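S.K.: The hints should help you fit chain B onto chain A, whose structure is shown.
Here the protein sequences line up with chains A and B, keeping their order. Using my numbering, read the first sequence as starting at 96 and increasing by one per residue. Using my numbering, read the second sequence as starting at 96 and increasing by one per residue.
It is worth saying that the hints were derived from the structure and are not from the lab. Keep in mind the model is a prediction, meaning the values are calculated, not measured.
Copies of the same chain are indistinguishable here, so a pair counts whether it falls within one copy or spans any two.
Pairs of lysine-lysine residues, derived as BS3-like cross-links and limited to a Cα-Cα distance of at most 30 Å, are as follows: (1) Lys180 with Lys150; (2) Lys116 with Lys300; (3) Lys180 with Lys288; (4) Lys165 with Lys180; (5) Lys109 with Lys359; (6) Lys165 with Lys392; (7) Lys165 with Lys150; (8) Lys180 with Lys392; (9) Lys288 with Lys357; (10) Lys288 with Lys244; (11) Lys244 with Lys109; (12) Lys244 with Lys116; (13) Lys440 with Lys116; (14) Lys109 with Lys357; (15) Lys124 with Lys165; (16) Lys454 with Lys150; (17) Lys165 with Lys454; (18) Lys454 with Lys133; (19) Lys440 with Lys422; (20) Lys116 with Lys359.
There are 2 protein chains.
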Amino acid sequence: MISGVFFYQRAMPKISTKGIKMPESPIRKLVPFAEGAKRKGKTVFHLNIGQPDIKSPEVALDAIHNFSDKVVEYSHSAGFESYRKGLANYYQNVGINIDHSDVMVTTGGSEALLFALNTCLDNGDEIIIPEPFYANYNGFSISAGVQVKPITTSINNGFALPAIEEFEKLITPNTKAILICNPGNPTGYLYSKEELETLRDIVIKHDLFLFADEVYREFCYDGNTHHSVLNIEGLEQHAVVIDSTSKRYSMCGIRVGCMISKNKDVMATALKFAQARLSPPTFGQVAGEAALSTPTKYFDEVSEEYVARRDLLIEGLNKIEGVICPKPKGAFYCIAQLPVDDADKFAQWLLEDFDYNGKTLMVAPAAGFYSTPNTGTTQVRIAYVLNQEALTEAVECLEKALEIYPGRIR
Amino acid sequence: MISGVFFYQRAMPKISTKGIKMPESPIRKLVPFAEGAKRKGKTVFHLNIGQPDIKSPEVALDAIHNFSDKVVEYSHSAGFESYRKGLANYYQNVGINIDHSDVMVTTGGSEALLFALNTCLDNGDEIIIPEPFYANYNGFSISAGVQVKPITTSINNGFALPAIEEFEKLITPNTKAILICNPGNPTGYLYSKEELETLRDIVIKHDLFLFADEVYREFCYDGNTHHSVLNIEGLEQHAVVIDSTSKRYSMCGIRVGCMISKNKDVMATALKFAQARLSPPTFGQVAGEAALSTPTKYFDEVSEEYVARRDLLIEGLNKIEGVICPKPKGAFYCIAQLPVDDADKFAQWLLEDFDYNGKTLMVAPAAGFYSTPNTGTTQVRIAYVLNQEALTEAVECLEKALEIYPGRIR
Chain A
96 MISGVFFYQR AMPKISTKGI KMPESPIRKL VPFAEGAKRK GKTVFHLNIG QPDIKSPEVA
156 LDAIHNFSDK VVEYSHSAGF ESYRKGLANY YQNVGINIDH SDVMVTTGGS EALLFALNTC
216 LDNGDEIIIP EPFYANYNGF SISAGVQVKP ITTSINNGFA LPAIEEFEKL ITPNTKAILI
276 CNPGNPTGYL YSKEELETLR DIVIKHDLFL FADEVYREFC YDGNTHHSVL NIEGLEQHAV
336 VIDSTSKRYS MCGIRVGCMI SKNKDVMATA LKFAQARLSP PTFGQVAGEA ALSTPTKYFD
396 EVSEEYVARR DLLIEGLNKI EGVICPKPKG AFYCIAQLPV DDADKFAQWL LEDFDYNGKT
456 LMVAPAAGFY STPNTGTTQV RIAYVLNQEA LTEAVECLEK ALEIYPGRIR
Chain B
96 MISGVFFYQR AMPKISTKGI KMPESPIRKL VPFAEGAKRK GKTVFHLNIG QPDIKSPEVA
156 LDAIHNFSDK VVEYSHSAGF ESYRKGLANY YQNVGINIDH SDVMVTTGGS EALLFALNTC
216 LDNGDEIIIP EPFYANYNGF SISAGVQVKP ITTSINNGFA LPAIEEFEKL ITPNTKAILI
276 CNPGNPTGYL YSKEELETLR DIVIKHDLFL FADEVYREFC YDGNTHHSVL NIEGLEQHAV
336 VIDSTSKRYS MCGIRVGCMI SKNKDVMATA LKFAQARLSP PTFGQVAGEA ALSTPTKYFD
396 EVSEEYVARR DLLIEGLNKI EGVICPKPKG AFYCIAQLPV DDADKFAQWL LEDFDYNGKT
456 LMVAPAAGFY STPNTGTTQV RIAYVLNQEA LTEAVECLEK ALEIYPGRIR
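Isolated chain A, as found in the complex (with noise of 0.2 Å):
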């Protein structure tokens, strides 16, 4: 038996294309070099990666220690009905005026995204995304077999939407969506309401969806008001939103997001993929669905603390010789353009080469976040996610570090 199985060995299988094509995180892929500068006993400033240190809601977490099902049960596939209540009555309070039939549960943002790509487009059919933007729509894209076509925005302008004439000349009769992030990571960008009915003019005259990643709603600055695509005129059969708790409440770990969409073919065949995956984590629901009564002192508290961190770190930044950064209107991230040969060597020369009095920092390279190749690779991504003091001596390692590395430009 066994002689037979040698007799018919041939090559191992191999894996496919698509998972060949698949981008590491280009936010945790430098996370060996992290913990090799920690071995070495180095402090790092971890800048790279959007897990804030805030509190979770003592709303949610006391729901979860007085959870007293006996058994831990799925829910529905879309989530629990009474949850998705309280999600509409959460956007109708913040101006949206949506039903909870419009409102389908998931499993984070992340599935919401990939439910939006698998319901609106089919393999090899594109999808326009304005870049830098959030590395993992790469990873979306690919699962699904959809095309990602970017369109590059400039650090010059703040990284503002580029003129229609700009997105016509990417569409094709392949292009079936365009697909923002507002307020935008990685940029911080804040769409206007003018930008976002120049899309709903593009979306409506070429028949495109137009997705809209709106997951840091609540992280909007200096008197800013966020528009959400759901509520432009005209866009009704158009958008579809991708929503998070994991910002909003400090959650990350809960894994539960929803989709939003008031076009019933989006949202009855969304909710197909959902039945396949059964239903989204129920302690997760239960967390989610306590945290809407979260107190608004809890915003106001963690709002001005984002303000305070990002007002240090973009003056401390833009102090600093040959640095650029654009003041981010919302969420917690800037792009910063920093005067090296290579972001992505810097990154690891800060880990593996540098420390300032035993500390350096970890910075996402930007190049993962833009898709067109050769871009952005001067330039990193920075979430400010840490409190002021680690911040100031964070941005005070980057100052030293700056000077010394080898790969300099002036």
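M.R.: Just chain B, lined up with the frame of chain A:
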């Protein structure tokens, strides 16, 4: 501006062909009729879904009640390292010699299968699956752009593995994998070691992956032994196991499973898909890790209960004139052949037009578990997930229903 919008207005954007092809869940599609029956005051015995009524282990619920982190953070994309080590230890205890680096924690067995498909198969590639099979394999295959090639097994020999020649007839240059469920949902079939060795010979000869969904591993009855594909010599680079905590610990709602393979390329590639979705649910992992300490007594009691239920159900079913139901060797489902014109119509009729003393039952029409059209149309899947009293009443309902069902075939 608005007039411009109406000027541009064309057809609504259309959902994808993938979305249209996506099947409705055969397990859940009758839900509206069940809701209707309940509104009329009928008691409905839910034998349509594998949602056990068994209590989740207390150690797992206690861990949730005692969760003490103040921030619910992302975990490692592959899951908590401590949990992966605990899982490796669990597998070693059931005779499967793997290391924690061979295990990746996923959001349910569902995600593990989706990752396995994306890692190993490209759009248009083919996977052979003995049918009837767990209906959601269709959904995951469509999501991944993969073609299912069913190989039909017969109720007449208890759904045993078809002959090797039958497999070879289906293999083309696009065939990349075979998928089995062992013990089987929906058949309760348990593969013998010889059958697994036959599969080994096929996959090695044709350079395929062998995916095995082993989520019902603990549910093997009558002294039968479960053989994992991870223990079949020669399959090290070919075998990928899909596993889940859902049924083992009756915690379907925690959405935690895992993917296991000794093929390092497979695991490294799957990790990239895992990184895109950031992490599996934190609370579910806490419960899953704690559940590893569930006392043996729990499983003994559960197994004893399922055997009693199975015996009661299968005996009851086979006593009904015209019903054929092979005795399952594992899991907690059976496929029964009914003397009806169409099991879909019959299942709907049970809910809409029938009751016996105010009671009726809900079953899953088996056609949704076959991929070959017009197959299994007079079969149903019954999950024995209710207590013995309810099961007895449900079997009695079925008997009475078959006596008066207008579409009865003699």
